[in-house]
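Colleague: Take these sequences, add in the hints, and give me the full structure.
Listed below, chain by chain, are the residues.
Number of protein chains: 2
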Amino acid sequence: MPKLLGSLTSIPEAVEKASKMISISLGVRRVEIVDAQDLILARDFHAVIDQPRFDRSSVDGYAVRSIDLVGASINNPVVLRVKGLIKPGDDPSKYVVGPGEAVEIHTGAPLPPGSDAVVMYEDTRRINDEVEVYRPVPRYGNVSRRAEDFHRGELLLKAPRILKPWDIGIIAANGVGEVEVYEPLRIGLIITGSEVYEPGHPLRGSGLYNSTGYLVWKTLESMGFTRVHYYGVFHDDTDLLKEALTRALQDNHVVVTTGGTSVSDGDLVRDIVEDLGEWIVRGVAMRPGRPTSIGLINGKPVFLLSGYPVAAWTGLEALVKPAIYRVLGLEEPAKPMVKAVLKVKLPNVVGYRSYIRVRVWEEDGKLVAEPYMLKGSGILSSLVKSNGYIVIPENTEGFMEGELVDVYLL
Amino acid sequence: MPKLLGSLTSIPEAVEKASKMISISLGVRRVEIVDAQDLILARDFHAVIDQPRFDRSSVDGYAVRSIDLVGASINNPVVLRVKGLIKPGDDPSKYVVGPGEAVEIHTGAPLPPGSDAVVMYEDTRRINDEVEVYRPVPRYGNVSRRAEDFHRGELLLKAPRILKPWDIGIIAANGVGEVEVYEPLRIGLIITGSEVYEPGHPLRGSGLYNSTGYLVWKTLESMGFTRVHYYGVFHDDTDLLKEALTRALQDNHVVVTTGGTSVSDGDLVRDIVEDLGEWIVRGVAMRPGRPTSIGLINGKPVFLLSGYPVAAWTGLEALVKPAIYRVLGLEEPAKPMVKAVLKVKLPNVVGYRSYIRVRVWEEDGKLVAEPYMLKGSGILSSLVKSNGYIVIPENTEGFMEGELVDVYLL
Numbered sequence: 451m452p453k454l455l456g457s458l459t460s461i462p463e464a465v466e467k468a469s470k471m472i473s474i475s476l477g478v479r480r481v482e483i484v485d486a487q488d489l490i491l492a493r494d495f496h497a498v499i500d501q502p503r504f505d506r507s508s509v510d511g512y513a514v515r516s517i518d519l520v521g522a523s524i525n526n527p528v529v530l531r532v533k534g535l536i537k538p539g540d541d542p543s544k545y546v547v548g549p550g551e552a553v554e555i556h557t558g559a560p561l562p563p564g565s566d567a568v569v570m571y572e573d574t575r576r577i578n579d580e581v582e583v584y585r586p587v588p589r590y591g592n593v594s595r596r597a598e599d600f601h602r603g604e605l606l607l608k609a610p611r612i613l614k615p616w617d618i619g620i621i622a623a624n625g626v627g628e629v630e631v632y633e634p635l636r637i638g639l640i641i642t643g644s645e646v647y648e649p650g651h652p653l654r655g656s657g658l659y660n661s662t663g664y665l666v667w668k669t670l671e672s673m674g675f676t677r678v679h680y681y682g683v684f685h686d687d688t689d690l691l692k693e694a695l696t697r698a699l700q701d702n703h704v705v706v707t708t709g710g711t712s713v714s715d716g717d718l719v720r721d722i723v724e725d726l727g728e729w730i731v732r733g734v735a736m737r738p739g740r741p742t743s744i745g746l747i748n749g750k751p752v753f754l755l756s757g758y759p760v761a762a763w764t765g766l767e768a769l770v771k772p773a774i775y776r777v778l779g780l781e782e783p784a785k786p787m788v789k790a791v792l793k794v795k796l797p798n799v800v801g802y803r804s805y806i807r808v809r810v811w812e813e814d815g816k817l818v819a820e821p822y823m824l825k826g827s828g829i830l831s832s833l834v835k836s837n838g839y840i841v842i843p844e845n846t847e848g849f850m851e852g853e854l855v856d857v858y859l860l
Numbered sequence: 451m452p453k454l455l456g457s458l459t460s461i462p463e464a465v466e467k468a469s470k471m472i473s474i475s476l477g478v479r480r481v482e483i484v485d486a487q488d489l490i491l492a493r494d495f496h497a498v499i500d501q502p503r504f505d506r507s508s509v510d511g512y513a514v515r516s517i518d519l520v521g522a523s524i525n526n527p528v529v530l531r532v533k534g535l536i537k538p539g540d541d542p543s544k545y546v547v548g549p550g551e552a553v554e555i556h557t558g559a560p561l562p563p564g565s566d567a568v569v570m571y572e573d574t575r576r577i578n579d580e581v582e583v584y585r586p587v588p589r590y591g592n593v594s595r596r597a598e599d600f601h602r603g604e605l606l607l608k609a610p611r612i613l614k615p616w617d618i619g620i621i622a623a624n625g626v627g628e629v630e631v632y633e634p635l636r637i638g639l640i641i642t643g644s645e646v647y648e649p650g651h652p653l654r655g656s657g658l659y660n661s662t663g664y665l666v667w668k669t670l671e672s673m674g675f676t677r678v679h680y681y682g683v684f685h686d687d688t689d690l691l692k693e694a695l696t697r698a699l700q701d702n703h704v705v706v707t708t709g710g711t712s713v714s715d716g717d718l719v720r721d722i723v724e725d726l727g728e729w730i731v732r733g734v735a736m737r738p739g740r741p742t743s744i745g746l747i748n749g750k751p752v753f754l755l756s757g758y759p760v761a762a763w764t765g766l767e768a769l770v771k772p773a774i775y776r777v778l779g780l781e782e783p784a785k786p787m788v789k790a791v792l793k794v795k796l797p798n799v800v801g802y803r804s805y806i807r808v809r810v811w812e813e814d815g816k817l818v819a820e821p822y823m824l825k826g827s828g829i830l831s832s833l834v835k836s837n838g839y840i841v842i843p844e845n846t847e848g849f850m851e852g853e854l855v856d857v858y859l860l
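Chains as they are written, first to last, in my numbering: chain Y, 451 to 860; chain X, 451 to 860.
Rather than coming from a laboratory, the hints here were simulated on the basis of the structure.
Incorrect hints may have been included.
Copies of the same chain are indistinguishable here, so a pair counts whether it falls within one copy or spans any two.
Cut-off 30 Å, straight-line C-alpha distance, at most; resulting in silico cross-link-like pairs (DSS-like, lysine-lysine) [unchecked claim]:
1. LYS608 with LYS789
2. LYS835 with LYS608
3. LYS771 with LYS608
4. LYS614 with LYS750
5. LYS793 with LYS608
6. LYS614 with LYS816
7. LYS816 with LYS467
8. LYS608 with LYS470
9. LYS795 with LYS816
Modeller: Here is the structure:
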């Protein structure tokens, strides 16, 4: 029997419940920074050096004592004796700049002791080992100050945080080649359904190929810090399924199942959750994806997704991924989004969150969006052929034709 | 000497030139679909089956002949003889529905021959092996029609295309377990600069640690279909560098270098490009990242990036990545973006494209953005600590305080 709205949990409430009832404990490991991309930083990272480690020139020119150049002008140039050239990487103490002296300097090179500013080539004229300077320069003019990027001891990266290229870059900038990250989140994936067959195998009866499993697998993998362990397709055999689920729970932090959530399907996974554990959420006020549920067995979460591909995908986007980010204390990464004008009215049943696949395109210089297919949680081509989706929130009756709405891009 | 705007190429022109002068030929390989995520589809993928392969029920109920139910109502129910139950996966020819007959059916099960519609449980009452039906149903009512998702021979995925989870799902839905993709784009990465040292090694003189190299490496890797071959840091030795560049060009489709692009730096990479090849673009009208250049050696592109991390990163985002997507015939993936109100004026030199790192946050229910650091192409912490960036296009004098602008999220 279809469940009534009253017994379904709203998506925000479901995520809230999940975040309170689920705790995931990930081990910490040390990895080389080149292997840390998209993994979760486990310990706050503090700078171990000043960056730059010394005052350095931000231009090509001459390192000088600013006091020597007071009053310098085209008509009244100051002449300094050039002691040599200092380049990036050179020892800063290669030369000392005394009164009336200068050192030629390249961008990025350290300021020699005694100097406190750099005049640009453009404001000088070189004559053998002397330079005429036509303009004064303030103290620290054209100088990047020591520690202006970061200073030793400064908190640079707060844990937990998904490591991005610039994060890895800044760890490297400190001369640190390894970093402490959490082990990947291990997710066991179990596909159920007596009608489901793996690609490459002959279909029997009215069997169909497993598409939902691959969609879910690769969507979970896209999170970056996950490792999906695929247990394959289970036909309707409670004992085999219970054994697989028990094994998957032992070997993983989280288990995800697809299928077996509709009444007529035999409800095998639901029976096992009720037998071995308890419900966190049983059914959500969402379309498609209403049967999406969360069980808790031996302290570990089991996310039950629909066997239908689109409903399974909305279950992932609306519930599974947000719950995982929340439980791990991570900010959910932003999704590409545009504003577009709706070509048609999109009604909604208040209380439900609806996911509508749309096509979005430019028309007369404006972005417009139109639903690609309003129903059909089994229509996978609707995800492939649409290029965006609209989320209608729980608390609205939908959107009007002509309304400007948020469209997430696929 | 700083180059004048007149001799610099605008970013759109540079991408255009690159797309015309560079051609990259990638080999094709067959991979398992589970290994195909984020790789580039090499051949159009057409459906090899109908999906669904048969008319199937979209509800739980009874498969019937719609003609039998004409005039059915609460007061005048039609009574049908139930021949049995058909479930998903069952052979469709398990039962045949004749006049006055029905077959109980679960969601997803195939319609038995003879039937052309399904009445829902809610509109029936079961009495032993008979069912009273209280409502008529149109032909194909509650039926998902054969091929409504896709039909055999239909073009499902057009090549080239970066394969996403739903793409892999739809290939699986066809029972196909392998797919033809392009080999990964091999990118050789060479870091130059006599002042640059690798993390984990002691610094000498005014040396600094290689951060730009790791930022570039991991940013290129984030494209998904790339494999970065890292050749390490080269101090100022033209012969060694030339040898490495030649080897990198032989072994990769593309070479990226950092450093050695400023006048004072010795210009080693520039000298080698001029010695062995030609320029596609030499310097771009962009801030930061003006020295970003593209050379062509033996028909292969060399992208020259600044040694400064932020300038190297803008060179990647503005030029290298767009050029690669364009040359490979791919649409560049959308970036997460929000609209925010500028807290300050952002002036721009017309002709230049400027990349401004910003902080964006919510204030009085609106998103606002403020530059995090206006200058400093060497200030890596500005990328780590900002959470977005604004691109000021070439043809504008900048943005006004209070203006609503696009902010790309980091």
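Colleague: Each hint: holds or not?
Modeller: We went through each hint and held it up to the structure:
1. With identical chains, the CA atoms of LYS608 and LYS789 are at most 30 Å apart between copies only, with a shortest distance of 26 Å across copies and 32 Å within one.
2. When the C-alpha separation of LYS835 and LYS608 is checked against a cutoff of 30 Å, the pair qualifies only between copies, where the shortest distance is 11 Å, while the shortest distance within a copy is 40 Å.
3. Taking the closest pair of Cα atoms, LYS771 and LYS608 come within 30 Å of each other both inside a single copy (21 Å) and across two copies (29 Å).
4. Taking CA atoms no more than 30 Å apart as the test, LYS614 paired with LYS750 passes in both settings, with 29 Å inside one copy and 29 Å between copies.
5. In this assembly of identical chains, the alpha carbons of LYS793 and LYS608 lie at most 30 Å apart only when taken from different copies (26 Å versus 44 Å within one copy).
6. Taking the shortest Cα distances, LYS614 and LYS816 sit within 30 Å of each other only across copies (27 Å), while inside one copy they are farther apart (33 Å).
7. When the C-alpha separation of LYS816 and LYS467 is checked against a cutoff of 30 Å, the pair qualifies only between copies, where the shortest distance is 29 Å, while the shortest distance within a copy is 40 Å.
8. In this assembly of identical chains, the alpha carbons of LYS608 and LYS470 lie at most 30 Å apart only when taken from the same copy (23 Å versus 44 Å across copies).
9. Taking the closest pair of Cα atoms, LYS795 and LYS816 come within 30 Å of each other both inside a single copy (18 Å) and across two copies (26 Å).
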